[in-house]
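Taking the working numbering, the leading residue of the sequence shown gets 1, the next gets one more, and so forth.
Please note that a few of the clues may not be correct.
Keeping only pairs whose Cα atoms sit at most 30 Å apart, straight-line, the calculated DSS-like set for lysine-lysine is [unchecked claim]:
1. Lys-80 x Lys-45
2. Lys-80 x Lys-70
3. Lys-82 x Lys-70
4. Lys-50 x Lys-65
5. Lys-31 x Lys-45
6. Lys-65 x Lys-45
7. Lys-49 x Lys-65
8. Lys-31 x Lys-70
The set of hints was computed from the structure by calculation and includes no laboratory data.
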Amino acid sequence: MIELYYDAYSIAYFVVSQDMGSKSQMEFLNKLYELEYEYLHPLYKGNKKKMISDVLYWADYLIDKETLDKEFPKIERDLKDKGVTFVKEDFMSEYPEFDLFFMLMRLRIRFITDQHYTRMKLRTLLKNYGYKRRSDAITARLRECMMFYHIQTYLKGEEECDIRDITLDDMITFRLL
Numbered sequence: 001m002i003e004l005y006y007d008a009y010s011i012a013y014f015v016v017s018q019d020m021g022s023k024s025q026m027e028f029l030n031k032l033y034e035l036e037y038e039y040l041h042p043l044y045k046g047n048k049k050k051m052i053s054d055v056l057y058w059a060d061y062l063i064d065k066e067t068l069d070k071e072f073p074k075i076e077r078d079l080k081d082k083g084v085t086f087v088k089e090d091f092m093s094e095y096p097e098f099d100l101f102f103m104l105m106r107l108r109i110r111f112i113t114d115q116h117y118t119r120m121k122l123r124t125l126l127k128n129y130g131y132k133r134r135s136d137a138i139t140a141r142l143r144e145c146m147m148f149y150h151i152q153t154y155l156k157g158e159e160e161c162d163i164r165d166i167t168l169d170d171m172i173t174f175r176l177l
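Construct the entire structure; sequences and hints are all you get.
This is how it looks when you write it as structure tokens:
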């Protein structure tokens, strides 16, 4: 099974996208640490302070990206001087947009909305990420993400369904298990 742990950058992306104030951010991060512990990157398990510190750093980065991007070459040089190599591609999956989509969906359902589901057509999901058709590789990745984040799909009438078997225009409901 794949491991799609919550990393600091993804959590920060969620925090910034929800336009949370400082107090709301801290409340959210504390809840996240308690209630979603199993999904946290192993680096943060047992180290709440590091998780919060890293998330706040990345939230600042996302808000003031231009300034921090100017500093990035210096950071890379410092890391290189210390013998640390940072390869951005090491952190990428084949379909990273779906990984983030399902992580954000889980967090939104769990912490933000009173609605305990998200509804959309498969065609819309694919279109939002630049795909016109589904392939076996894409549906396999969707299923892996859903399994990891404990998300199940349903058709109208609470009928459980498999994302591989539905049509592109079926309205599907995503719920947490």
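Here is what the structure says about each hint:
Under the criterion of a C-alpha separation no larger than 30 Å, the hint pairing Lys-80 with Lys-45 is consistent with the structure, at around 27 Å. For the proposed pair Lys-80 and Lys-70, the alpha carbon gap of about 17 Å is at most 30 Å, so the pair holds. Under the criterion of a C-alpha separation no larger than 30 Å, the hint pairing Lys-82 with Lys-70 is consistent with the structure, at around 20 Å. Under the criterion of a C-alpha separation no larger than 30 Å, the hint pairing Lys-50 with Lys-65 is consistent with the structure, at around 21 Å.
A threshold of 30 Å between alpha carbons decides the hint, and for Lys-31 with Lys-45 the separation of about 14 Å falls inside it, so the pair holds. As the CA atoms of Lys-65 and Lys-45 are separated by approximately 28 Å, the hinted pair is consistent with the 30 Å bound. A threshold of 30 Å between alpha carbons decides the hint, and for Lys-49 with Lys-65 the separation of about 23 Å falls inside it, so the pair holds. For the given pair, Lys-31 sits about 34 Å from Lys-70 by alpha-carbon distance, which is inconsistent with the 30 Å threshold.
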